[in-house]
Structures are given as structure tokens and as C-alpha cells.
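Novice: Just so you know, the sequences run in chain order A and B. Residues 1 to 199 in the UniProt record's numbering are what the first sequence spells out, letter by letter. Residues 1 to 238 in the UniProt record's numbering are what the second sequence spells out, letter by letter.
Just to be clear, a hint being listed does not mean it is correct.
[Stated by the list, open to error] Derived pair list, reagent style DSS-like, types lysine-lysine, alpha-carbon separation capped at 30 Å:
no., chain 1, residue 1, chain 2, residue 2
1, A, 18, B, 234
2, B, 126, A, 181
3, B, 180, B, 170
4, B, 39, B, 126
[Claimed, not checked] Quick look at which bits of chain B chain A covers, simulated, 3 or more residues with Cβ under 8 Å:
no., segment
5, 92–101
6, 130–138
If you're looking for bench data, these hints aren't it; they were derived computationally from the structure. Backbone N, C-alpha and C fix where the C-beta goes; we use that ideal spot for every residue, glycine too.
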Amino acid sequence: MYGRKASRLVKELTNVEKGQLTLFNSDLFDQVIAECSQHYVELQSLIRKMQEKGLDVQTSKNEDHYGALIHHLALVRNKRCLMAYLYNRAETLRNLIWKVGLVLPQEVQEKLSHSEEEYFKRHSASLKSYMSRLDLDLVVDMVPPKDPYIQVRVVDNIGEGIVLSDDKTANFAPYSMHFLKRTDAEPFISRGLMEELTG
Amino acid sequence: MASGDGEGEGSVSGDIDDLESLISTTDVERLKRAWRQEKAAPEIFQFEAALIQRIKEQIQLMEETVEDFAESGIDPLTVSLYQMDLDRTQFLLRSYLRIRLQKIEKYMFHILNTDELFNRLSREEKSFAERCSNDLKMHLDENILSKLPDNYQSLLKQSIISEETDMVPKPQLDTFVVCKTKYYLGHIQLEDINNGNTDDRVNQRPLEEPFEMEPNVLYFVRYKPIKKLVEGGKIDLY
Chain A
1 MYGRKASRLV
11 KELTNVEKGQ
21 LTLFNSDLFD
31 QVIAECSQHY
41 VELQSLIRKM
51 QEKGLDVQTS
61 KNEDHYGALI
71 HHLALVRNKR
81 CLMAYLYNRA
91 ETLRNLIWKV
101 GLVLPQEVQE
111 KLSHSEEEYF
121 KRHSASLKSY
131 MSRLDLDLVV
141 DMVPPKDPYI
151 QVRVVDNIGE
161 GIVLSDDKTA
171 NFAPYSMHFL
181 KRTDAEPFIS
191 RGLMEELTG
Chain B
1 MASGDGEGEG
11 SVSGDIDDLE
21 SLISTTDVER
31 LKRAWRQEKA
41 APEIFQFEAA
51 LIQRIKEQIQ
61 LMEETVEDFA
71 ESGIDPLTVS
81 LYQMDLDRTQ
91 FLLRSYLRIR
101 LQKIEKYMFH
111 ILNTDELFNR
121 LSREEKSFAE
131 RCSNDLKMHL
141 DENILSKLPD
151 NYQSLLKQSI
161 ISEETDMVPK
171 PQLDTFVVCK
181 TKYYLGHIQL
191 EDINNGNTDD
201 RVNQRPLEEP
211 FEMEPNVLYF
221 VRYKPIKKLV
231 EGGKIDLY
């Protein structure tokens with residue numbers, strides 16, 4: 001049936017929670033693209049048939065006209081599905097920057113097609129260039145600040161000698177606790193390397 | 001904020017009025033309003049260029065003050081209060097710019113195609129919008145559009161026979177917003193009179209009473225009919 005594969009492709013978007021990504025289904029994706037070309041071949045052959053009979057393609061409403069219309073509509077629908085698939089995945093990727101910062105987590109990267117990885121790099125570069133023109137980092141300070149300092153615990157290996165904004169270095173050994181400026185700690189928290197201790 | 005020494009009871013209420021009007025006109029308060037509007041509205045507003053410029057200067061000044069205080073050994077509690085004030089302003093600024101970028105990302109093709117919207121962006125936002133849409137266009141071109149038959153390769157139209165740009169995501173202007181006004185506003189037309197199909201009079205609903213807004217009362221209405229009043233600063237979104 002026409003359009004079934006395309007609808008399966010779009011359903012993959014809705015099968016996961018918003019903001020999550022599934023593995024890029026390049027197999028199904030290519031099949032839908034191939035289906036589009038097939039529709040076009042059939043569409044053209046029907047139009048040729050009408051022209052051979054000497055009929056006006058625009059005005060004669062015979063069976064070939066409606067056949068061609070079906071192929072046209074199926075093609076347009078496939079196009080919309082393909083675009084929706086890629087567009088929504090791209091949107092999820094862009095929104096991820098606002099949640100986890102400009103470094104893509106490994107488990108997300110594995111789900112992307114090569115082209116999507118390239119897109120993410122280009123988009124991050126565009127965003128970085130905007131931020132450097134303003135001289136302002138917009139990927140920190142995501143929640144309204146209650147206190148300029150917060151208590152955090154290191155939960156993963158970060159490494160030594162990290163320089164903080166007051167030009168002092170700190171040794172973030174795993175499971176050590178620190179009292180840091182919120183803006184210093186936020187990038188680590190969003191990458192899952194530190195957790196905020198509340199209460 | 002330093003207030004004058006009390007000069008007798010008579011002036012107290014006057015001082016409070018002064019203080020209130022002073023607070024409501026500070027740049028931070030203006031930024032807060034712009035931020036709230038931007039956060040609540042479905043579409044992007046005019047960039048507050050002058051205000052943002054002033055805010056940035058003030059932030060820099062505050063940063064220097066805090067640094068000076070810290071160096072000259074002023075009570076750490078005082079310093080941290082200044083720091084907190086600074087952090088809050090910085091959050092507002094970042095969040096304001098962020099919300100705008102997110103709107104640009106979401107509706108980039110629509111904004112680039114609509115001069116009225118594109119002209120609302122700052123210079124940096126304009127170049128971001130252009131780069132951003134080029135990136136996405138390239139991505140979609142490479143993977144889909146270039147592989148489709150000739151008449152179906154447009155990014156903005158479904159096919160060559162589409163009369164308008166029917167592939168462009170646009171903001172939902174019909175959405176509901178919470179709003180309030182300082183003025184009395186009468187005769188707001190909530191129905192779309194222009195879009196109504198004049199031919200089918202049978203289905204036409206009788207026009208609703210014109211909508212009125214009382215000062216300082218919260219309303220929950222569709223954004224579209226009050227759009228012009230919001231843009232004109234008569235109505236505030238919450």
C-alpha cells in the first residue's frame with residue numbers, strides 16, 4: 001500500500017518520549033525515497049499516455065488523470081513524512097544543546113546518521129559564533145538562581161587542575177564535595193559529572 | 001538601594017510612591033517585563049536593543065563593583081548580596097536571549113520569509129537565523145530534497161504546483177495567553193471578521209459582544225485578536 005512505509009517512519013518519532021531519539025532508520029528512509037522515484041516514473045508514464053491520446057493533461061478527467069493524481073498525492077505525502085522525520089530529529093538535537101550543552105553525549109551520538117552528526121556540528125558552530133559575538137555564554141545559568149553558591153558532589157572522574165572562574169584550580173576527585181559558584185558547577189551538572197546536593 | 005534618612009512622618013507615604021515608580025522604571029524591571037512577554041507570546045517580538053545595551057553596561061559595572069568590594073575586604077555578606085543581585089540580572093538577560101534564539105530555531109524559515117518578523121531581530125540574531133536555516137536547509141537537501149524528482153525539490157512548497165509556502169512551520173497564533181492591562185480597553189473584536197467566508201451565511205455564527213478588558217484583571221484569551229494591543233504595549237502577557 002502506498003505511504004505505509006512513510007507512516008512507519010513517522011511513527012518512529014512518536015514511539016519514543018519527546019526529546020528522545022531512536023536509531024536513525026536509514027534502511028526504511030532509503031526505501032521511502034525509492035518509493036518516491038517509483039511514483040514519479042508511474043506519474044510520468046500516465047501523463048505520456050494521455051498526451052499520446054492527444055488529451056489535454058490539465059482538463060481531461062479520465063482514469064489516467066486520476067491515476068496520475070494518486071501518484072502525485074502519494075509522492076507529496078511521502079515527502080512530508082521524510083521531511084517530518086528529519087526535521088523533528090534535527091529539532092530534538094537542537095533542543096538537546098539547551099539541556100546538556102554543546103557536547104553530545106555518547107549514547108545520543110550512536111543513534112545519529114553521519115549527516116546528522118555533521119548537522120549538529122554545523123549548528124553548534126552557528127550557536128557558538130552567535131555567543132562569541134555577544135561575548136556571553138548562553139548554555140549556562142539555565143534555572144533562576146536562588147543562591148550564587150551551591151553544594152555539589154563529584155560523581156564521575158573529571159580530572160585534576162580544572163580552573164574555575166576565580167582563577168583558582170580545584171581537585172575534583174570522585175565523590176568529593178565542593179562549595180562552588182553555580183555558574184562554575186552547571187556545565188558539570190548538565191554533563192552528569194556532578195550532582196547538586198539540596199536540602 | 002540607599003534611601004534618604006527619615007525626614008518626619010509626612011514624607012513616608014510619598015517616599016513609598018516614589019520608590020514604587022522608581023522600581024517599575026529601572027532597566028532590570030523593564031528587562032523582566034520584556035522577558036515575560038517574550039516567554040509568554042507565541043511569536044517573536046521586537047528586539048529591545050537599547051535596553052539590552054544598557055543592561056550589559058550595568059552588569060559590567062556591577063561586576064567591577066563586586067570585584068572591588070571583594071578586594072577591599074568589605075563584609076562578605078554584603079558582597080554576596082550584590083553578587084546575588086548580579087546573578088539574577090544575568091539570568092534574566094541570558095534567559096531573554098535564549099528564548100529568542102529558541103523561537104528563531106523553531107520558526108527559522110517562517111521568520112526569514114516574513115520581513116516584518118526578520119526586522120524584529122538584532123543584527124547578531126539575523127546572522128544566526130541565516131546560518132541556522134542554511135545549516136538545516138543543507139541537511140534536508142542532502143538527505144531528501146536532492147533525491148526527489150525535479151518538481152518536488154522545494155524546501156518551502158510541497159510540490160511545484162503549490163500556490164503558497166505550505167511546508168513552513170509557523171507559530172500557532174490562535175493559542176491562549178494569560179494577560180492583564182493597566183488601562184480600560186473596550187471594543188476588542190475576538191472573532192475573525194476578515195477571515196469569515198461571506199458566502200455561507202447559513203453557518204455564520206452571530207458575532208459575539210465586543211470584548212472589554214478592565215484594568216488589573218487577569219484574562220485568558222486567544223493571542224491573535226489582542227496581538228496588536230500587546231505589540232503596542234497596552235496589554236501585558238503573564
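Novice: The structure should be examined with respect to each hint, and the outcome stated for every one.
Specialist: Results of checking the hints against the structure:
For a cut-off of 30 Å, the pair hint linking residue 18/A to residue 234/B is broken: about 36 Å separates their Cα positions. A threshold of 30 Å between alpha carbons decides the hint, and for residue 126/B with residue 181/A the separation of about 33 Å lies outside it, so the pair is violated. Proximity of residue 180/B to residue 170/B is assessed by CA-CA distance (about 26 Å); at most 30 Å being required, the pair is judged to hold. Straight-line distance between C-alpha atoms of residue 39/B and residue 126/B comes to about 20 Å, which keeps the hinted pair within the 30 Å bound.
With a threshold of 8 Å between beta carbons, the proposed coverage of the segment 92–101 of chain B by chain A holds, since 6 of its residues qualify and at least three are required. Requiring three or more residues with a Cβ within less than 8 Å of a Cβ of chain A, the coverage given for the segment 130–138 of chain B holds, as 5 such residues are present.
The structure shown violates the earlier hints numbered 1, 2.
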